[in-house]
Amino acid sequence: MCATAEQSERKVKPMSDITNILIVGVGGQGTILASRVLSGAVQKIGQDVKVSEIHGMAQRGGSVVTQVRYGKEVASPIIPQGEADIILAFEKLEALRWLSYLKENGSILINDQRIDPMPVIMGAADYPADAIAAIRSLRKNVIVIDGLKIAIEAGNPKAVNVVLLGLLSKYLQIDKNVWLETLRETVPVKFLETNVKAFEAGWNS
Amino acid sequence: MKKLLTGNEAIARGAWEAGAVVCSAYPGTPSTEIIENAAKYTEMYAEWSPNEKVALEVGAGSSIAGGRSLVAMKHVGVNVAADPLFTLSYTGVNGGLVLISADDPGMHSSQNEQDNRHFGRAAKIPVLEPSDSQEAKDFTKIAFDLSENFDTPVMQRITTRVAHSQSLVELSDRQEPVLKEYQKNALKYVMIPAYARRRHIDVESRLEKLQEYAETTPLNRIEWNQTKIGVITNGITYQYVKEVLKDASILKLGMTFPLPRKLITEFSKKVDKLYVIEELEPFIEDYIKSWKIEVYGKNIFPMIGEILPETILEKMGEQSKNKNSLPVQAEPALNTPVRPPVLCPGCPHRGLFYVLNKLKVTVAGDIGCYTLGSLAPLNAIDTTICMGASIGAAMGMEKARGKDFARNLVAVIGDSTFIHSGITGLINTVYNQATTTTIILDNRTTGMTGHQDNPATGMTVKGDPIKEVDLVLLAKAVGVNRVVVVDPFDLEKLESVIKEELRAEEPSVIITKRKCALIEKNKDTTPCVVLNESCTGCMRCMRLGCPCIVKEGKKVRINSTQCVGCELCIHVCNSGAIGKEGQTNV
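Here the protein sequences come in this chain order: A and B. Note that my numbering has the first sequence beginning at 1, numbered continuously upward. Note that my numbering has the second sequence beginning at 1, numbered continuously upward.
Looking at chain A on its own, in the form it has when it is part of the complex (with noise of 0.2 Å):
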């Protein structure tokens, strides 16, 4: 352990820095077990790390959205709006809504999925017609990856979380080796193979 603390000391930014991720999504997508790996693999580097959450009328299909920072010493578990350097979006509009939390000069990586919101469903809102290019007209560094498709091309249809997290790990000076460590930790066994093969193809996308 004390090994590995040292050789990722080097690696991540100044002492004062935090490095600011938000995770969001839709109800139901998963977003909870990515911010589970995450704040496990930032804690195998020996960094401080607080993850913020909001459970409860959320979960039903709602906008959610995780807040993880490290660092050195994190006070705040919130990120202040325009201060994420990465978001991670598992939805389209939901990448959108979040957009004013990145920095300038941050990174947005989304995963091109659309899930209607109900006012959407009633005819009574419109969704947003063109979401991406409206985000690329605000940030330079937008990614965009086809979740969905890569996760049944790793073999599992469910494994779009896990797939963007293998995106956002790129993303990060994080080894490898602790994401994969950590994987192994957080998920149950049976599902460990296809989850690993869906993390090596985010990291590949």
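Derived from the structure by calculation, the hints contain no laboratory data. Don't take each hint at face value.
Said to hold, decoys possible - Quick list of in silico lysine to any residue cross-link-like pairs, SDA-like style, CA-CA up to 20 Å: (1) B:Lys521 <-> A:Gly28; (2) B:Lys3 <-> A:Pro119; (3) B:Lys555 <-> A:Pro119; (4) B:Lys523 <-> B:Val472.
As the list claims (entries may be wrong) - Computed Cβ-Cβ distance ranges for the label pairs, DEER-style: (5) B:Glu500 <-> A:Ile132: 26 to 32 Å; (6) B:Thr265 <-> A:Ile132: 46 to 52 Å; (7) B:Glu266 <-> A:Ala133: 57 to 63 Å; (8) A:Leu192 <-> B:Val338: 35 to 41 Å; (9) A:Arg114 <-> B:Lys289: 48 to 54 Å; (10) A:Asn105 <-> B:Asp247: 22 to 28 Å; (11) A:Leu192 <-> B:Leu473: 17 to 23 Å; (12) B:Met303 <-> A:Pro188: 43 to 49 Å; (13) A:Lys72 <-> B:Val338: 34 to 40 Å; (14) A:Ala133 <-> B:Asp145: 58 to 64 Å; (15) B:Arg221 <-> A:Lys72: 52 to 58 Å; (16) A:Asn105 <-> B:Lys554: 41 to 47 Å.
The beta carbon of each residue, even a glycine, is placed where N, CA and C say it ideally should be.
Since chain A is already given, all that's left is putting chain B on it; use the hints.
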């Protein structure tokens, strides 16, 4: 080794480390996971009580008998438990008694955002407020000691952000629980007027001692920095202040009742400008103002909702330091449609609200997932007040407007909520001769809070099977003659039963019984599909408010990845245009 825990997990751990023996609660966001986690420790007894009042009474008995006891509830739960709470302040404790009040500023999942520090003051018991998971654990242990040292129940108030945020916690071993000696002591524990008068004197002198303790306890501490700005703060807000006001001196109050007047006065003298940053009520601020100390508080910061880090930055005029962060808010393209929560695909409540909406019935509602039946397109609920209120409210409507009004009026209430405090309302409808129809939505669980068991599910919090409350027999036992059980997915039967019971000029109970879709394992989940040629575009299925059914041009499409195949849409479709995927007749 440090472990990443939510505030709720940390509180359960703290109770375990402190040698607690009895833990009780009624589930309620954001407090639910406290007892769920306490139940995992085999050394502690844990229970889901039928409601918060019973939970606190169990804690009281356990404490009087000599054991350390943890009782947890959401803020509005303390309203229910207020009766025992106020008198427990008089009796004091034997084994330590800690009450967790989980407040919900911003109402992430609540019907109001009351500030329960007021309860601490009103009951004259100390209130502790941790700001992260480490403190949540440490303060719980301190609370047990305080409780025993000062002979008082202790309230530990947390908020949603503390309850549900995770941070690293240093773990310790369990302190060997010591059952304190139990002795009959009527003067202390029998609160008849003569004894209670004497105990009230003890309460007042206890409060004076607690005030002295507040001045010196490490729970309250000053973090000196530059003295231009001094901030007094509590709970999660302390973490935000530390994050965004790096130059300010901070007086962090871990104990917010009673307050340390001398410490606050001393702090106020050494800073140029004094601020109080606290969510919700000006609780600390009002005291400071009453001591004639100049302070900025609710004249700057909102009384409504959460105070977030960016709010502090904005209100303190510190924008210049974070130039990047603030202009972003004005981005014009972010006009996004809201995504409100909805009844899940396959939810057994959907069929009921579809029928109630169709029949245009007045519905007195209650607290649970089924409150979502109030949203479009179901629009089926007229009132939602508090746990158990539906039955009393429906009765009051009938008494005000007459029997004819009751011919088109129902109360809807979940199984867990009915046990919590609906049963007394039902007894009242019989006793005071109302004729309303009560619909108990029995989905075999406490759904909204994340599937907790209750006396009607046949399972304890520890997972032990027990004899379940028979809701049919219970309703009959209180004098309801007309009790019908119906499957809410059988829309035709459900509609005819509702119509029939509405007509009856006596109280009746309809139990819609079907397992919550999220816990039902034995079901055919083959998704439904729309047969494009047969769909007439009548949009009747859209009235179900199912998130899987979406408009496509002039017709509809079913999202097969979300659909769990409940078949409700098949039943409402008049043109036979919906069937199961892969079936030949479709």
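To see whether the hints hold, each was checked on the structure:
1. B:Lys521 <-> A:Gly28: holds (17 Å)
2. B:Lys3 <-> A:Pro119: Roughly 41 Å separates the two Cα atoms, so the pair is violated.
3. B:Lys555 <-> A:Pro119: holds (17 Å)
4. B:Lys523 <-> B:Val472: violated (25 Å)
5. B:Glu500 <-> A:Ile132: 26 to 32 Å: For isoleucine 132 of chain A against glutamate 500 of chain B, whose Cβ atoms are near 54 Å apart, the range 26 to 32 Å is violated.
6. B:Thr265 <-> A:Ile132: 46 to 52 Å: violated (57 Å)
7. B:Glu266 <-> A:Ala133: 57 to 63 Å: holds (58 Å)
8. A:Leu192 <-> B:Val338: 35 to 41 Å: holds (38 Å)
9. A:Arg114 <-> B:Lys289: 48 to 54 Å: holds (52 Å)
10. A:Asn105 <-> B:Asp247: 22 to 28 Å: With a Cβ separation near 26 Å, asparagine 105 of chain A and aspartate 247 of chain B satisfy 22 to 28 Å, so the hint holds.
11. A:Leu192 <-> B:Leu473: 17 to 23 Å: violated (48 Å)
12. B:Met303 <-> A:Pro188: 43 to 49 Å: 46 Å Cβ-Cβ, so the 43 to 49 Å window holds.
13. A:Lys72 <-> B:Val338: 34 to 40 Å: holds (37 Å)
14. A:Ala133 <-> B:Asp145: 58 to 64 Å: Roughly 60 Å apart at Cβ, these two residues keep to the hinted range, so it holds.
15. B:Arg221 <-> A:Lys72: 52 to 58 Å: 22 Å Cβ-Cβ, so the 52 to 58 Å window is violated.
16. A:Asn105 <-> B:Lys554: 41 to 47 Å: holds (45 Å)
Checked against the numbered hints above, the structure breaks hints 2, 4, 5, 6, 11 and 15 and satisfies the rest.
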